[in-house]
Structure formats: C-alpha cells, structure tokens
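Asker: Heads up: the sequence shown begins at 1 in the UniProt record's numbering, then just goes up one per residue.
Source of the hints: derived by calculation from the structure; they are not laboratory data.
Because the structure is a prediction, the values reported are computed rather than measured.
Wrong hints could be hidden among the right ones.
Calculated cross-link-like contacts (lysine to any residue; reagent style SDA-like; alpha-carbon spacing at most 25 Å) [said to hold, decoys possible]:
no., residue 1, residue 2
1, K65, K124
2, K97, E80
3, K71, S149
4, K51, E64
5, K111, L70
6, K49, R134
7, K97, A63
8, K131, P192
9, K65, E172
10, K170, N72
11, K221, S205
12, K71, T92
13, K221, S283
14, K68, K111
15, K49, I139
16, K236, R295
17, K124, T114
18, K124, K153
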Amino acid sequence: MKSWYIAKKDLLILLKDIPGLIYLFITPIIVIAVASFALSNVFDSKTEKFKIPIVVQDHGELAEKVVKELKNIPALDIQETYKADGTNQPYTEEEAKKEVQTKKAAIIIPKDFTQHAYSGMETKIIVIEDKVDRIIPSIVSNAVTQIISDLEKGIADQQQASAQTQLNMKVESKELAEESEHKPTPFESNVPGYAVMFVLLGTASAAGAFVEERENGTLRKILTLPVNSLSIILGKMLSCFITAIVQCAVLFSVGHFVFGMWLGKSILALALLVVCTAFASSSLAILLASICKSRSQANGISILIVLSMSALGG
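Take the sequences, apply the hints, and build the full model.
Answerer: Have a look at this one:
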C-alpha cells in the first residue's frame, strides 16, 4: 500500500503539470498528424499522374506506337497539346522546354524517327529533364527505354530478326540547363535541412538555460547590477544569435569544403538567409524562456516546435 501512495502522489503531481501532460500526449499526436498528412500521398491509391509534355515531330508508325504505349502507362499523363490563344496547339520543342521547369520532364520524338529506325540508322527519343528533380525524369526515361525495347523485340520476332530490319533506337537524356556544370547531390538538401533543425535544438537549450537561471536565482543577482531588463534580454538574444550564425557557418563550410556541396549562385543571399534564420531562432528562444515556468516545460514545448517544424519542412 505504501508503494501505491507514493505512485499516487507522483501521478497527482503529473496531473497538475499541464505542460508535462502536453509533452506526454499532445506532442506525439501533433507530430504523428503532421508527418502522416505530409506523407498521405505516398499511401494514396489515387496518386496524381505526372503530366509529361511530348513533342511529336514524326507521324510514322513507330512514333504512333511509342505515343500509344506511353499513354497506357498509369503513372504518366502524356500531353500532346497546350493551350494557346484559347485553342489547343501541338507542343513545339521550345514550349516543351518551358514546361520542364514545372513538369520536370518532356519527351521529343524527332523528325524521320520511323524512317531512320526501319532503315537501320541510329535514331533517338530525347527526354529533356529538370536536373533538380531525379525522380520524374528517371521514371520517364525508364518508361521510354522499356517501350523501345519491347518494340524492337516485337518487330524482330515478326521479321525473324533479319539484319536488314534490325532496329537501332535509343533514349537520350538532356538536362534543361546544360550551361551549368553543377550536378545536384543529397548534401544540397540535407545540410540546410539539418542545419536549421540543430539550430532550433540549440534554441531549446538556450531557452532552458535562461529559465534555469531564473529558477536558481542567478537572474535576480544579475538584476542587482547596474543593468536593466532590456539589456539582459538583448544580451541573451545576441548570444543565441551569434551561436546560430557560427553553427550554420560551420555546417555549411563542412558541407562545401568536405563534401563538395554547392552553395548556390549568391553567397550574399545565402548569408542573408542564415542571418534571418538565426534571428528567428534567437527570438524563439526568448519567447520560450518568457512563457515557460520551468526547464522541463521549455524542453517539452521546444521539442514539440522543433519536431513539428522539421516534419513540415521534410
């Protein structure tokens, strides 16, 4: 029975700790909900098709077969026309390249494709891809490659694979922005994402330290000195700000010099973004320190914020 009374006492204390209850129950519910809604499309059986523009410059038999087979692929929505002046116009190569910026890939069947294929000449179907996206262009290229392979096999079987009719079709991938030599790597995504996450975690630590100073009386001792409350708050905020700046600088430097991460076309723009992030995180630290009554509350609320924002940010 004595053990029960001790357990009852601890449970009553927990029930009175509203922030603690939020951390135990509300935090995981929010994180689960945010992550689940963010990944809902992965489990949706009615996933939206990839809209892929196609430029058909050849109207021979093989070109028609390729287009027909592409339209039979469930994951692709092959679009031969676009809206212009209120009417549907066939895609040109120039218009298709414009669409790649939003639709991530486009297909071009060149002129005399069928004639060159049947004459045994090498002929190519071109897949223009957005170099930033590695998923949709890969799906399109693999689909076109499989269709070409099936066509070659079918025609070879019909013609008994005679040398005169052997097809020589290939798929050629071209990046939209060929003038840039940079090839995207996982570090361009992971370094900024994890940098922001760990800056926010540092914010949680700073907020907890501020609350602890208030709890153990250190803050009251500081107030006895010739310094006002605003100076203390600005000093704490400046400390968080400098820490976040240095943390981002170190992480981005390691990403660039060690792993070869591309820092973009403008270092000044990146620096401005880092400064804004550091300012926001240091402001968050002061906000948490002002509304939380204990270090455990600050830790619980900060974890809720960090995990929720990380889930939303991917």
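Asker: What are the numbers of the hints the structure violates, in ascending order?
Answerer: The structure conflicts with no hint, since it agrees with every one listed earlier.
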